[in-house]
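S.K.: Chain residues, written in single-letter form:
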Amino acid sequence: GEDVEQSLFLSVREGDSSVINCTYTDSSSTYLYWYKQEPGAGLQLLTYIFSNMDMKQDQRLTVLLNKKDKHLSLRIADTQTGDSAIYFCAESLNTPLVFGKGTRLSVIA
Amino acid sequence: EAGVTQSPTHLIKTRGQQATLRCSPISGHTSVYWYQQALGLGLQFLLWYDEGEERNRGNFPPRFSGRQFPNYSSELNVNALELEDSALYLCASSLGAKADTQYFGPGTRLTVL
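If you read the protein sequences in the order shown, they are chains C and S. Residue numbers for the first sequence, in the numbering used here: 1 to 109. Residue numbers for the second sequence, in the numbering used here: 1 to 113.
These aren't lab readings, by the way, just hints derived from the structure by calculation. Check before you lean on any hint, since a few could be wrong.
[Said to hold, decoys possible] Here are the simulated lysine-lysine pairs, DSBU-like style, with alpha carbons at most 30 Å apart:
#: 1; chain 1: C; residue 1: Lys-101; chain 2: C; residue 2: Lys-68
#: 2; chain 1: S; residue 1: Lys-98; chain 2: C; residue 2: Lys-67
#: 3; chain 1: C; residue 1: Lys-67; chain 2: C; residue 2: Lys-56
#: 4; chain 1: C; residue 1: Lys-101; chain 2: C; residue 2: Lys-70
#: 5; chain 1: S; residue 1: Lys-13; chain 2: C; residue 2: Lys-101
#: 6; chain 1: C; residue 1: Lys-67; chain 2: C; residue 2: Lys-36
#: 7; chain 1: C; residue 1: Lys-68; chain 2: C; residue 2: Lys-56
#: 8; chain 1: S; residue 1: Lys-13; chain 2: C; residue 2: Lys-36
#: 9; chain 1: C; residue 1: Lys-56; chain 2: C; residue 2: Lys-101
#: 10; chain 1: C; residue 1: Lys-101; chain 2: C; residue 2: Lys-36
#: 11; chain 1: S; residue 1: Lys-98; chain 2: C; residue 2: Lys-56
#: 12; chain 1: C; residue 1: Lys-36; chain 2: C; residue 2: Lys-68
#: 13; chain 1: C; residue 1: Lys-70; chain 2: C; residue 2: Lys-36
#: 14; chain 1: C; residue 1: Lys-56; chain 2: C; residue 2: Lys-70
#: 15; chain 1: S; residue 1: Lys-98; chain 2: C; residue 2: Lys-68
#: 16; chain 1: C; residue 1: Lys-36; chain 2: S; residue 2: Lys-98
#: 17; chain 1: C; residue 1: Lys-67; chain 2: C; residue 2: Lys-101
#: 18; chain 1: S; residue 1: Lys-13; chain 2: C; residue 2: Lys-70
#: 19; chain 1: C; residue 1: Lys-101; chain 2: S; residue 2: Lys-98
#: 20; chain 1: C; residue 1: Lys-36; chain 2: C; residue 2: Lys-56
[Said to hold, decoys possible] Facing chain C, according to a computed beta carbon distance under 10 Å, are these residues of chain S, among others:
#: 21; residue: Tyr-35
#: 22; residue: Gly-40
#: 23; residue: Trp-48
#: 24; residue: Asn-56
#: 25; residue: Gly-58
#: 26; residue: Phe-60
#: 27; residue: Arg-63
#: 28; residue: Phe-64
#: 29; residue: Ser-86
#: 30; residue: Leu-90
#: 31; residue: Thr-111
[As the list claims (entries may be wrong)] Quick partial rundown of chain S residues pointing at chain C, CB under 7 Å, derived from the structure:
#: 32; residue: Phe-69
#: 33; residue: Pro-70
#: 34; residue: Gly-96
#: 35; residue: Asp-100
Source: prediction; values computed, not measured. Ideal placement from N, C-alpha and C gives every residue a C-beta, glycine not left out.
Starting from the given sequences, assemble the full structure and let the hints guide the process.
M.R.: Right, dumping it as structure tokens:
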């Protein structure tokens with residue numbers, strides 16, 4: 001079946017790197033996504049990775065995909081207070097997307 | 001380019017009433033998705049429309065229904081509202097049925113009293 005798991009909370013100091021982890025169960029997923037949700041807002045697409053890639057870098061964001069272990073991570077370099085939000089991992093087998101419950105990132109100034 | 005828009009922003013109803021939520025996709029997108037984000041339950045898929053047809057449905061009772069109009073905008077209707085229907089309802093759109101990447105609107109916060 002489809003299930004996406006994430007740790008619920010992460011706290012980091014401003015300027016440090018944040019690493020948010022996610023595991024998924026369906027090896028047929030074609031794309032894996034990271035979305036950001038700020039309080040009271042919708043989901044903002046941050047980045048995504050195609051399942052045949054191992055890594056994708058986009059400015060401060062680095063996505064690593066370990067397909068063998070079905071593990072996805074999002075690294076945010078030089079974390080800022082504006083990065084405080086809930087981060088959702090999602091997998092795409094066929095629509096719809098299947099989401100994890102989200103990781104709440106708190107950035108301490 | 002305008003993103004996905006949803007209306008209203010907030011909606012307050014009482015138990016047993018009906019709610020109608022609206023979504024306009026990004027221009028050029030033909031697929032619209034509805035998700036429910038209830039407290040503590042994460043994002044649950046509700047409905048998917050593409051080219052005016054319902055393509056897939058999540059594990060929700062029939063009182064959750066919707067439609068997609070010829071201009072690809074969509075409506076979600078919730079009948080016989082229950083307290084547990086209180087949630088943020090998110091709409092997303094994608095380029096088409098085979099396009100995976102979904103872009104989300106800001107959501108409609110439905111409160112059932």
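S.K.: Would you settle whether the hint for S/Asn-56 is holds or violated, based on the nearest Cβ-Cβ distance to chain C being less than 10 Å?
M.R.: It holds, given that the least Cβ distance between S/Asn-56 and chain C is near 6 Å, below 10 Å.
S.K.: Regarding the hint that S/Tyr-35 lies at the interface with chain C, is the smallest CB-CB distance below 10 Å?
M.R.: holds (8 Å)
S.K.: When you check the alpha-carbon spacing of S/Lys-98 and C/Lys-68, does it fall within 30 Å?
M.R.: Answer holds: S/Lys-98 to C/Lys-68 is near 25 Å, not above 30 Å.
S.K.: Would you settle whether the hint for S/Thr-111 is holds or violated, based on the nearest Cβ-Cβ distance to chain C being less than 10 Å?
M.R.: violated (13 Å)
S.K.: Does the closest beta carbon of chain C sit nearer than 10 Å to the beta carbon of S/Phe-60?
M.R.: violated (12 Å)
S.K.: Hinted pair, alpha-carbon criterion (30 Å max): S/Lys-98, C/Lys-67. Please report holds or violated.
M.R.: Holds. S/Lys-98 to C/Lys-67 sits at ~22 Å (cutoff 30 Å).
S.K.: Going by Cβ atoms only, is S/Phe-69 closer than 7 Å to chain C?
M.R.: violated (20 Å)
S.K.: Between C/Lys-67 and C/Lys-36, does the CA-CA distance stay at or below 30 Å?
M.R.: Holds, at about 23 Å.
S.K.: Once the shortest beta carbon distance from S/Ser-86 to chain C is found, is it less than 10 Å?
M.R.: Since chain C brings no Cβ nearer than about 15 Å to S/Ser-86, farther than 10 Å, the hint is violated.
S.K.: Given the hinted pair C/Lys-67 and C/Lys-101, is their Cα-Cα distance within 30 Å?
M.R.: holds (21 Å)
S.K.: Is the hinted pair C/Lys-36 and S/Lys-98 satisfied, with a Cα-Cα distance of at most 30 Å?
M.R.: Holds. C/Lys-36 to S/Lys-98 sits at ~23 Å (cutoff 30 Å).
S.K.: Under 10 Å is the threshold here; is the Cβ of S/Gly-58 close enough to any Cβ of chain C for the hint to stand?
M.R.: Because about 7 Å separates S/Gly-58 from the closest Cβ in chain C, which is inside the 10 Å limit, the hint holds.
Hint compliance for this structure: hints 18, 26, 27, 28, 29, 31, 32, 33 and 34 are not met, and every other hint is.
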